[in-house]
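Visitor: Just so you know, the protein sequences line up as chains A and B, in that order.
Numbered per this note's numbering, the first sequence finishes at 473, counting up by one with no gaps.
Numbered per this note's numbering, the second sequence finishes at 473, counting up by one with no gaps.
Think of the hints as simulated: they come from the structure by calculation, not from any bench.
The structure presented is a predicted model; accordingly, all values stated were derived computationally and were not measured.
Be aware that a few hints might be false.
[As the list claims (entries may be wrong)] Estimated spans, in silico, between C-beta atoms of each pair:
{"id": "1", "chain 1": "B", "residue 1": "G36", "chain 2": "A", "residue 2": "R224", "range": "40 to 46 Å"}
{"id": "2", "chain 1": "A", "residue 1": "T368", "chain 2": "B", "residue 2": "V12", "range": "22 to 28 Å"}
{"id": "3", "chain 1": "A", "residue 1": "N4", "chain 2": "B", "residue 2": "T386", "range": "40 to 46 Å"}
{"id": "4", "chain 1": "B", "residue 1": "E331", "chain 2": "A", "residue 2": "E180", "range": "23 to 29 Å"}
{"id": "5", "chain 1": "B", "residue 1": "A226", "chain 2": "A", "residue 2": "N222", "range": "33 to 39 Å"}
{"id": "6", "chain 1": "B", "residue 1": "Q321", "chain 2": "A", "residue 2": "R440", "range": "22 to 28 Å"}
{"id": "7", "chain 1": "B", "residue 1": "E414", "chain 2": "A", "residue 2": "P129", "range": "50 to 56 Å"}
{"id": "8", "chain 1": "B", "residue 1": "Q321", "chain 2": "A", "residue 2": "A457", "range": "52 to 58 Å"}
All residues carry an ideal CB built from backbone N, CA and C; glycine is no exception.
Spelled out, the chains give:
Protein chains: 2
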Amino acid sequence: MQPNEFRRHGHVVVDWIADYLENPEQWPVLPAVRPGDLRDSLPQSPPLRGESMDAVLEDFRRLIVPATTHWNHPAFMAYFANSSTGAGVLGEALTAALNVNAMLWRTSPAATELELLTLDWLRQMLGLPDKFLGIIGDTASSNTLYALAAAREMHPQLRIRQDGMAGRPDLPKVFVYCSEEAHSSVDKALMTLGFGLSALRRIPTDDRLRMDASALDAAVENDRRAGAIPLAVVATVGTTSTTAIDPVPAIAKICEREKMWLHVDASYGGTAAILPEMRHVLDGCDRADSLVVNPHKWLFTPMDCSALYTSRPDLLKRAFQHVPEFLAVSEGEGVVNLMDYGIALGRRFRALKLWFVIRDFGVEGLQTLVREHIRIAKKLAQWIDTDPTLDRLAEVDFSTVVFRHRRPGMTANELDQHNVRVLEKVNATREVYLSHTRVRGSYALRIAIGNIHTTEADVRRALELVKEAGTLT
Amino acid sequence: MQPNEFRRHGHVVVDWIADYLENPEQWPVLPAVRPGDLRDSLPQSPPLRGESMDAVLEDFRRLIVPATTHWNHPAFMAYFANSSTGAGVLGEALTAALNVNAMLWRTSPAATELELLTLDWLRQMLGLPDKFLGIIGDTASSNTLYALAAAREMHPQLRIRQDGMAGRPDLPKVFVYCSEEAHSSVDKALMTLGFGLSALRRIPTDDRLRMDASALDAAVENDRRAGAIPLAVVATVGTTSTTAIDPVPAIAKICEREKMWLHVDASYGGTAAILPEMRHVLDGCDRADSLVVNPHKWLFTPMDCSALYTSRPDLLKRAFQHVPEFLAVSEGEGVVNLMDYGIALGRRFRALKLWFVIRDFGVEGLQTLVREHIRIAKKLAQWIDTDPTLDRLAEVDFSTVVFRHRRPGMTANELDQHNVRVLEKVNATREVYLSHTRVRGSYALRIAIGNIHTTEADVRRALELVKEAGTLT
Chain A
1 MQPNEFRRHG
11 HVVVDWIADY
21 LENPEQWPVL
31 PAVRPGDLRD
41 SLPQSPPLRG
51 ESMDAVLEDF
61 RRLIVPATTH
71 WNHPAFMAYF
81 ANSSTGAGVL
91 GEALTAALNV
101 NAMLWRTSPA
111 ATELELLTLD
121 WLRQMLGLPD
131 KFLGIIGDTA
141 SSNTLYALAA
151 AREMHPQLRI
161 RQDGMAGRPD
171 LPKVFVYCSE
181 EAHSSVDKAL
191 MTLGFGLSAL
201 RRIPTDDRLR
211 MDASALDAAV
221 ENDRRAGAIP
231 LAVVATVGTT
241 STTAIDPVPA
251 IAKICEREKM
261 WLHVDASYGG
271 TAAILPEMRH
281 VLDGCDRADS
291 LVVNPHKWLF
301 TPMDCSALYT
311 SRPDLLKRAF
321 QHVPEFLAVS
331 EGEGVVNLMD
341 YGIALGRRFR
351 ALKLWFVIRD
361 FGVEGLQTLV
371 REHIRIAKKL
381 AQWIDTDPTL
391 DRLAEVDFST
401 VVFRHRRPGM
411 TANELDQHNV
421 RVLEKVNATR
431 EVYLSHTRVR
441 GSYALRIAIG
451 NIHTTEADVR
461 RALELVKEAG
471 TLT
Chain B
1 MQPNEFRRHG
11 HVVVDWIADY
21 LENPEQWPVL
31 PAVRPGDLRD
41 SLPQSPPLRG
51 ESMDAVLEDF
61 RRLIVPATTH
71 WNHPAFMAYF
81 ANSSTGAGVL
91 GEALTAALNV
101 NAMLWRTSPA
111 ATELELLTLD
121 WLRQMLGLPD
131 KFLGIIGDTA
141 SSNTLYALAA
151 AREMHPQLRI
161 RQDGMAGRPD
171 LPKVFVYCSE
181 EAHSSVDKAL
191 MTLGFGLSAL
201 RRIPTDDRLR
211 MDASALDAAV
221 ENDRRAGAIP
231 LAVVATVGTT
241 STTAIDPVPA
251 IAKICEREKM
261 WLHVDASYGG
271 TAAILPEMRH
281 VLDGCDRADS
291 LVVNPHKWLF
301 TPMDCSALYT
311 SRPDLLKRAF
321 QHVPEFLAVS
331 EGEGVVNLMD
341 YGIALGRRFR
351 ALKLWFVIRD
361 FGVEGLQTLV
371 REHIRIAKKL
381 AQWIDTDPTL
391 DRLAEVDFST
401 VVFRHRRPGM
411 TANELDQHNV
421 RVLEKVNATR
431 EVYLSHTRVR
441 GSYALRIAIG
451 NIHTTEADVR
461 RALELVKEAG
471 TLT
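I would like the entire structure built from these sequences, with the hints used as guidance.
Guide: Structure, rendered in structure tokens:
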């Protein structure tokens, strides 16, 4: 593509994006496609000759966009939000243009230093102490895995990095703890790291679905008495299912006493701490060894951008640093080479979009948006609480509301089946996209508010659709 | 940012990118910055109020760009190339705008199906059989880790997924094999997966730095006799250091006999197989269980885009699938949910840029570029071979040339030190960026050709700078 062609197509793309972000509701939130429809509509082999970009962009508009689930749609309330924003898009376009690989400081000083600086800005916004170093990963799942890999390095005498865990009769069983409500990424990390699913102890929760710290204490003591190594605890600030907040101060105390790594999954909930009135959700997190929060969730930054903070960067580095000759460079003490802190060697310039977003909105601008989402969620909770056909099933600490429709005289099982049908019916309208979860075994509907376009009216409409479906089902 | 503001700034950004990609050599390839310079030049705290995007973009141009190592520069020959292209940038901008998370088919049918289709296009371009399913990961390092995690699932009786490896006196030692020249990502994968660095057997190489298949055979037999489990072999097509090609057919035969997983790291070299005359570099790879090739390296697609092909998607899925209630959906048989094939739950729409690039260039257009890079590399090899002050240290099978400057009468150690200084001097010009490696212990210079902007004249100039530095040092 010649520069002038790029200019022409680029302007077309910019105008398309401007229209799209202005009216993301011009398409239904859920597309009317069945599995295979898109693939079958496209050539099954690559073109021999180059095609005109006009044709490519036409296919994008005609085939790709209508087969897309619109995460930008104001009625996308199924999962924690994911907002595209003008500033974020401009950042990503420039990142793709520079196309640096920030594996070493030298291979991109700007990307390396802006990543550290921008995550320090975010650290200040969250009220975390300056002992935390922040690094960008792709997702909270990866960052939680990195944290648990670093936790292994708290025990150099186990020599896991060097000698591994297979064929080691000397090695005791290792356990990691999280609540019954914690995210599946903890299981996945333990599978991947070679600890196995059975290394995870899921601790019961209290009446508000928060980890029971005394049960944690007992489990750790039991395991230690049996000769195992209690390695780490993953506490959650804002669980995926119901946004519950584990008692981090009490958990931190146990971790300190037992010399366990404390990782906090605040990937969704942590963002709320940019509000002074919500700062308390991170109480105790200053004592964590690591914490993950996702600007690509509730901070209006395009995917992927997940922030991993750690007060033990030395251990994170010990878990992942392995430098071959062709990458051996010395820039002096204190120079960070980002490749040393995770699995991937190649690294995109992901800080640029976050830096653009923070500067474009300003801290106060971001606070206004997050505050409004929480306000709408509280309002939704009120509507549900005053409606005899609806039952709220969890506290609303953030911007996500979990509830169900009810009909008098239904058994527990019938209520579950009724709500399965309600959700199917609501999503089949393709006017709104909601998700489900289970709360203490009961099937529940989830409305997650956090998209930059979502208004009170959108949420009101979603609730009306639930009530309509509930009545007609 | 209002739509009209986005439009205005978007057009400015498009014009900047057009100028940048037209003249990437307007900045020196290596920036004149010391560690900390950029960070110190920026505010240490985030702005309270939003700033004008004009000011943000001005800072980008004034501070970020001059602190960047320009991977787009035609004289960037340090590492395997990384080309930004107009089609790729447009794809990334649209990906950031749609901002879908393709964790489930339902959360983005288009992103899911286009990923599978586009990687099937690439599979056809590489001449791989259709038993291979292709999925996009961030980097070859991650994809190699995924392959080795899948290899574990060839042995369900070991119950590693469920029971892990710690505290398992029943579990024998497990070994993975690669050549002495294989990439450090194999070590890193074994550290991460809990096998430990000592689980890696680095097999000696022959006179052309290719894995010695008979030495592999002997090592596997030894380990098996000692009661260990030979799990997998990582063969390389185009090693990072010298682009050597392991004898994949002979290795495949051993793997088949020993029931070991065969993973092929063709992250750089694999791309050459889009040329009919280079198709042979993938000989034997049809018998591999997995293979990684990086379109973000030599296929003109912005980072990150690394393709993992596997003929055992069932095992890859068994290694990583773990579905919590809130993500439990059923679309019927055969529907792929991409979250089941790796660590990350969230997934960007990375196929779009690759689909744009393949359509924009066409297969023949891509072939022309790759062929030209190989031609220039052969030419460079000729120049070196006919110059008495230069020694070539490795075969040129692809587009990377490894050599050193020599002076009569120097000892081996003096030659190493001399070439260290030559490289420092060359890179200090900031006119060209080269890297180094070691070939059988000798310090060597590396010229890697693959950037879309690099011409024969650029490579000629790089060699002149080496010769000048060699003479003056």
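Visitor: All hints, please: hold or fail.
Guide: Here's how the hints hold up against the structure:
Between B:G36 and A:R224, the C-beta spacing of about 44 Å keeps the proposed range 40 to 46 Å intact. The hinted range of 22 to 28 Å is satisfied by A:T368 and B:V12, whose Cβ atoms lie roughly 26 Å apart. Here the CB-CB span from A:N4 to B:T386 is close to 41 Å, well matched to the stated 40 to 46 Å. Judged by the Cβ atoms, the range 23 to 29 Å given for B:E331 and A:E180 holds: they are separated by roughly 27 Å.
Checked against the hint of 33 to 39 Å, the C-beta distance between B:A226 and A:N222 comes to roughly 36 Å, which is consistent with it. Between B:Q321 and A:R440 the beta carbon distance is about 25 Å. The supplied range of 22 to 28 Å therefore holds. In this structure the hint that B:E414 and A:P129 lie 50 to 56 Å apart at CB holds, the actual value being about 51 Å. Hint check: B:Q321 to A:A457, Cβ distance near 39 Å, so the stated range 52 to 58 Å is violated.
Going down the numbered hints, you'll see the structure goes against just number 8.
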